[in-house]
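Asks: Here are the chains, one letter per residue:
2 protein chains.
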Amino acid sequence: MDVNNEKSNRLRLDYTGMMKNIFNPQGWTKEKLAAMQPQLTEAHNSLRIQREQGGLDFSKLLTEMECLLPSLVEYANELTCNFDNFVILGIGGSALGPLAIQQALNPYYYNELCLSQNPKRPRLYVVDNIDPDRFTDLLRVIDLEKTIFNVITKSGATSETMAQFMIIRDILRQNCGDDYTKHIVVTTDKEKGNLVPMIRAEGYRSWIIPAGIGGRFSELTPVGLLPAAVCGIDVYGLLQGALEMDKWIRESESVLTNPAQLSAVLSYLAWQEGKNISVFMPYADSLKTFSDWYAQLWAESLGKRVNRQGKEVFTGQTPVKALGVTDQHSQVQLYTEGPADKVVTFLTIEKFSSDCLIPYDKSLPDDIKFLGGHSLGELLQAEQNATEYALSLAKRQHRKIILPVLNACTVGQLLLLLMWETAYMGELLDINTFNQPGVEEGKIGTFALMGREGFETRKHEIEEYAKTFYVLE
Amino acid sequence: MDVNNEKSNRLRLDYTGMMKNIFNPQGWTKEKLAAMQPQLTEAHNSLRIQREQGGLDFSKLLTEMECLLPSLVEYANELTCNFDNFVILGIGGSALGPLAIQQALNPYYYNELCLSQNPKRPRLYVVDNIDPDRFTDLLRVIDLEKTIFNVITKSGATSETMAQFMIIRDILRQNCGDDYTKHIVVTTDKEKGNLVPMIRAEGYRSWIIPAGIGGRFSELTPVGLLPAAVCGIDVYGLLQGALEMDKWIRESESVLTNPAQLSAVLSYLAWQEGKNISVFMPYADSLKTFSDWYAQLWAESLGKRVNRQGKEVFTGQTPVKALGVTDQHSQVQLYTEGPADKVVTFLTIEKFSSDCLIPYDKSLPDDIKFLGGHSLGELLQAEQNATEYALSLAKRQHRKIILPVLNACTVGQLLLLLMWETAYMGELLDINTFNQPGVEEGKIGTFALMGREGFETRKHEIEEYAKTFYVLE
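Same order as they appear, the protein sequences are chains A and B. Per our numbering, residue 5 is the first one in the first sequence, and the count goes up by one each step. Per our numbering, residue 5 is the first one in the second sequence, and the count goes up by one each step.
Hint data in this document are derived by calculation from the structure and do not stem from the laboratory. Be aware that a few hints might be false.
It does not matter which identical chain is meant; a pair holds if it fits inside one copy or across any two.
[Said to hold, decoys possible] Pairs of lysine-lysine residues, derived as DSSO-like cross-links and limited to a Cα-Cα distance of at most 30 Å, are as follows:
#, residue 1, residue 2
1, K279, K315
2, K315, K24
3, K471, K24
4, K447, K355
5, K24, K463
6, K124, K251
7, K150, K124
8, K34, K399
9, K279, K399
10, K251, K194
11, K315, K124
12, K471, K196
13, K24, K279
14, K355, K251
15, K24, K64
16, K315, K471
17, K471, K399
18, K471, K34
When you get a sec, could you build the whole thing from the sequences and use the hints?
Replies: In structure tokens, the structure reads:
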């Protein structure tokens with residue numbers, strides 16, 4: 005790879021807004037960050053050992069995933085010839101990653117444009133809920149004969165995805181006869197789970213989710229790579245960017261050179277100082293759904309009742325999704341004047357692919373005439389800088405991830421940066437970053453309420469609980 | 005109106021999850037709520053007086069808005085004959101309300117379905133940002149000849165909207181000649197602002213935003229009613245529902261009978277007990293963007309530095325948008341196991357318009373077979389109840405707004421309930437609910453950075469500030 009190109013594509017972190025400055029004398033100093041180095045070095049070593057001993061597959065298997073690309077892209081290209089619609093049945097990480105990457109790297113109105121692309125690309129639908137009205141509407145807009153469904157669930161036991169799949173399988177059988185299996189591609193575990201015997205018995209095409217990668221870390225496996233390839237996204241670039249960031253992080257040992265250490269320590273110190281809210285605020289419509297992916301990663305990884313010693317800690321910053329400049333007219337009033345309970349992370353793109361000039365009209369009043377002769381991109385940039393400035397004036401902490409351009413390589417870097425930041429943060433908090441024990445109760449409750457055998461006691465308990473109620477009607 | 009129908013359409017509030025129960029002995033009692041009655045009565049009287057003296061136009065002008073409907077619907081129907089696309093240029097309240105109502109009351113894939121509707125309806129695009137890539141993409145998917153642009157800004161000084169408008173006006177002039185004014189309809193103040201002389205000089209069709217109604221309270225003015233009518237939404241039903249809820253709230257004097265008093269006091273007590281996060285979690289895809297509308301209302305109204313005596317209070321709960329069941333696989337881990345720093349407000353629809361049966365297949369393993377014979381709607385309901393139960397088990401507070409069905413009338417009620425809850429909450433906090441002084445600094449900063457005359461000092465200041473910086477690259 006061209007060294008200059010690599011350099012010009014590289015993400016930067018601007019953490020000025022976290023530090024002591026003329027407006028915010030309570031901001032931090034480099035010494036304060038450096039004082040965290042022993043803890044960070046411990047985290048760094050712990051993560052290195054975990055990776056060597058078989059953990060952290062989101063990083064470790066990147067090269068293996070890269071080797072998968074030729075066959076995956078070949079298959080994706082086959083699909084684009086045969087189908088007009090690619091429908092994902094999945095929820096959580098199986099939906100959020102594909103959605104984020106699609107919006108980041110394809111046109112905003114992709115589904116409306118895709119049939120006129122060259123080569124032609126299928127429309128993408130990500131059905132990440134079980135809302136019956138939406139499901140019914142979906143069936144009104146797709147032609148089943150021209151649709152392939154990608155069922156994504158590692159365990160094959162995700163109620164929502166399996167319910168969708170059972171409905172779709174039935175409809176396909178009725179409409180497409182024996183050929184119905186050609187309309188289904190499964191992304192699941194290699195050996196375990198409910199879908200493995202079904203793949204064997206019914207003959208679906210399938211792709212593997214590596215055993216050691218959980219939903220929220222799975223975007224750079226076939227979970228995300230297959231839909232991206234189908235929609236014409238440069239999956240090689242994604243992995244190249246991911247590998248670059250992975251290398252940078254694993255090889256830098258100090259907080260001021262390692263972007264994940266730096267990000268994590270900024271988050272950790274803010275959390276220690278009582279900032280329980282983390283606002284993620286890209287200044288680009290294309291990164292809006294990236295916030296949803298980040299919100300799962302941050303919330304599910306760090307929201308934990310106990311630490312690794314089993315002590316109750318009730319930890320976890322709450323991620324908040326915002327969008328610049330849109331939410332300046334919605335949330336920034338609160339961010340500047342409300343409580344100092346949050347840190348804002350801006351995401352900015354230095355150079356957009358296109359721009360629109362605002363025409364100059366001397367007959368207009370002063371408070372709009374000044375816009376003329378500038379471009380939308382300049383206005384967006386000015387507003388982003390002005391918002392940073394307003395937050396600084398209000399002594400509110402903020403930081404910024406800068407993408408020189410938005411492309412597969414920078415998005416790949418961003419994915420890995422945030423995954424690693426989360427891993428370091430988990431180490432600093434001394435928790436298990438990779439499990440999600442708290443969702444179990446909800447699952448058991450659902451089994452009980454749906455009348456699954458063996459869950460009668462829980463059903464009775466819920467009914468008892470529901471007997472006391474307070475309703476205003 | 006049919007009394008039974010009115011009753012069956014009426015919203016209900018279930019606040020069991022806030023109260024003392026078998027799982028949460030720290031929950032509240034009715035006595036605790038009743039003890040707040042003096043403050044609530046004071047708030048009730050204060051709001052009544054403000055309304056009598058010319059404030060609270062969001063409530064006071066509902067009848068006037070209802071009178072506007074025949075002419076507004078007539079105009080909307082004209083547009084549907086002449087145009088295939090209705091594009092809103094607006095930001096903040098000018099975009100969030102129209103988006104929320106469109107998603108709530110029209111099919112999920114409306115834009116893909118609308119040309120086959122009977123009567124034919126225009127596609128709706130809400131351009132609520134100045135991202136140059138998205139703006140360029142928009143121009144690729146719409147046929148200008150068949151497009152009408154609705155410019156929405158009360159002051160005519162909103163930089164983002166006016167920048168968009170200036171670009172579009174220029175393009176229309178080039179493409180449509182003298183007829184270009186037919187492609188523009190303006191929603192703005194009656195007398196003040198930049199757009200009034202332009203309407204006179206260039207001859208645009210226009211609709212009025214009443215002077216006393218700010219952006220986040222403007223959905224039931226032509227801001228929201230015109231797009232809704234164009235998209236075939238029952239605007240009469242919206243206002244009917246709004247008027248019903250308005251009456252209920254104004255005529256009920258006590259916390260246990262007045263839904264806005266009750267909602268506000270639940271929020272207020274939670275805030276007093278340190279819960280600085282308010283999660284808004286509808287269990288319906290159709291209400292997803294309603295959360296964005298709510299987030300502006302709550303954040304911008306209540307996020308305030310000073311109270312009405314000018315004392316610094318730095319108040320304001322941070323609204324968080326979540327979606328059931330989707331975010332059970334993203335946020336609920338944090339909500340159950342993380343800190344007790346939030347209250348979750350669920351929104352549920354008792355009866356969806358459609359449903360899908362999950363087929364039963366006895367060959368499937370137990371952990372998915374149990375789904376068979378139930379419907380998606382049942383599964384969604386069970387999961388919502390199970391999540392409530394899981395939160396209760398974890399001693400986390402939650403409440404629920406129940407919509408018997410989702411229609412224009414219940415959505416109208418919901419709008420007014422949340423507006424009034426916000427107004428009561430502002431009274432309890434003793435702040436000005438209706439201003440947004442904190443956005444000024446950002447505006448001034450933008451003027452400075454865009455080189456507007458008269459803002460040179462600020463520009464210099466920002467440049468000075470930017471001289472100290474910390475960047476990792």
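Asks: Now look at each hint and say whether the structure bears it out.
Replies: Now the hints, each set against the structure:
no. : hint         : result
1   : K279 to K315 : both (22 Å within a copy, 23 Å between copies)
2   : K315 to K24  : between (35 Å within a copy, 26 Å between copies)
3   : K471 to K24  : between (55 Å within a copy, 13 Å between copies)
4   : K447 to K355 : between (45 Å within a copy, 23 Å between copies)
5   : K24 to K463  : between (55 Å within a copy, 21 Å between copies)
6   : K124 to K251 : neither (36 Å within a copy, 55 Å between copies)
7   : K150 to K124 : both (13 Å within a copy, 26 Å between copies)
8   : K34 to K399  : within (18 Å within a copy, 40 Å between copies)
9   : K279 to K399 : both (13 Å within a copy, 22 Å between copies)
10  : K251 to K194 : within (28 Å within a copy, 60 Å between copies)
11  : K315 to K124 : neither (55 Å within a copy, 62 Å between copies)
12  : K471 to K196 : neither (40 Å within a copy, 56 Å between copies)
13  : K24 to K279  : both (17 Å within a copy, 29 Å between copies)
14  : K355 to K251 : within (25 Å within a copy, 52 Å between copies)
15  : K24 to K64   : neither (37 Å within a copy, 48 Å between copies)
16  : K315 to K471 : neither (33 Å within a copy, 45 Å between copies)
17  : K471 to K399 : between (49 Å within a copy, 17 Å between copies)
18  : K471 to K34  : between (57 Å within a copy, 17 Å between copies)
Hints 6, 11, 12, 15, 16, counting from the list given before, are not met by this structure.
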